[in-house]
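Kindly produce the complete structure, drawing on both the sequences and the hints.
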Amino acid sequence: MIEDLRPLAVVTGASSGIGYELARLAAEDGYDLVIAADAPSIVEAQASLEHYGTRVDALQVDLATTQGVDQLLGLIGARPVDALMANAGRGLGHGFLDQDWDDARRVLDTNVTGTIYLIHRVGRRMRDRERGRILITGSIAGLIPGSFQALYNASKAFLDSFSWALRNELKDTGVTVTCLMPGLTDTEFFERAGMLDTGFGADPKKADPADVAKIGYGAMLKGEGDVVTGFANKLQAAMAAVAPQSVLAEQHRKMAEPGS
Numbered sequence: 001m002i003e004d005l006r007p008l009a010v011v012t013g014a015s016s017g018i019g020y021e022l023a024r025l026a027a028e029d030g031y032d033l034v035i036a037a038d039a040p041s042i043v044e045a046q047a048s049l050e051h052y053g054t055r056v057d058a059l060q061v062d063l064a065t066t067q068g069v070d071q072l073l074g075l076i077g078a079r080p081v082d083a084l085m086a087n088a089g090r091g092l093g094h095g096f097l098d099q100d101w102d103d104a105r106r107v108l109d110t111n112v113t114g115t116i117y118l119i120h121r122v123g124r125r126m127r128d129r130e131r132g133r134i135l136i137t138g139s140i141a142g143l144i145p146g147s148f149q150a151l152y153n154a155s156k157a158f159l160d161s162f163s164w165a166l167r168n169e170l171k172d173t174g175v176t177v178t179c180l181m182p183g184l185t186d187t188e189f190f191e192r193a194g195m196l197d198t199g200f201g202a203d204p205k206k207a208d209p210a211d212v213a214k215i216g217y218g219a220m221l222k223g224e225g226d227v228v229t230g231f232a233n234k235l236q237a238a239m240a241a242v243a244p245q246s247v248l249a250e251q252h253r254k255m256a257e258p259g260s
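Just so you know, this note's numbering puts the end of the sequence shown at 260, numbered straight through with nothing missing.
If you're looking for bench data, these hints aren't it; they were derived computationally from the structure. You may find that some hints are simply not true.
Simulated pairs of lysine-lysine, DSS-like, Cα-Cα distance not exceeding 30 Å [unchecked claim]: (1) LYS205 x LYS234; (2) LYS171 x LYS205; (3) LYS171 x LYS234; (4) LYS206 x LYS234; (5) LYS171 x LYS206; (6) LYS254 x LYS234.
Fair warning: this is a prediction, and the values are worked out from it, not measured in the lab.
Here it is, written out as structure tokens:
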């Protein structure tokens, strides 16, 4: 019987960083895993996670596309999903008008369109079962106008808002939605976004992705609405709620502008 299998967790963006650490925590808790990422290193992540004695199915796929998400859904098949950790994300530095449009579009398609399509498909099945947990990796960047990182911050603002709306819609269904809102984290993000020459990219005080994942995973298990990781990030989030948007945009510029 399908329902007699071990619980299943699906984690996107799981080849490294926060996503890998989320998958590791689930493996330690006895979940079987379906993991996906666009990087070839997802195969290495699979091998590492299998050491926890759990079944791990892995897929290298472009989750910016409908076809890619459909491939992931095909890998999940008819298995019930107990936890969906939608962590796949992409950034892009430099001024918006200087960016290649295809690269810019891929940020939106990865962070927003692909993410919410996956949640739409898996979330319906969770609602039908009256059981499930969804963790969405947003960001405190969604609280701040992202000068020289405009699309990324805007996409995270979408996810931060979307997660609260979906949580409210599902409040009586047995399905919980949690938004993980980290700040600067020591991952491959800044290299992939072309931001190594920025204040953000060079900041030596980035959080450990394992610590960020542990906080987010714990919040998901408790069914909390959102969690901002780290005291400094909580302070920044509080300031973002009261400071003028023009001031926040200028502060972001000082850290995200190329050469900063």
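Here is what the structure says about each hint:
A C-alpha spacing of about 15 Å is found between LYS205 and LYS234, which places the hinted pair at or below 30 Å, so the restraint holds. Proximity of LYS171 to LYS205 is assessed by CA-CA distance (about 37 Å); at most 30 Å being required, the pair is judged violated. At most 30 Å may separate the alpha-carbon atoms for a hinted pair to count; LYS171 and LYS234 meet this at roughly 25 Å. For the proposed pair LYS206 and LYS234, the alpha carbon gap of about 14 Å is at most 30 Å, so the pair holds.
Taking the CA atoms of LYS171 and LYS206, the gap is about 34 Å. The hint is violated against a cut of 30 Å. With a C-alpha separation of about 20 Å, the suggested pairing of LYS254 with LYS234 holds against the 30 Å cut-off.
Of the numbered hints given earlier, the model fails hints 2 and 5; all others are met.
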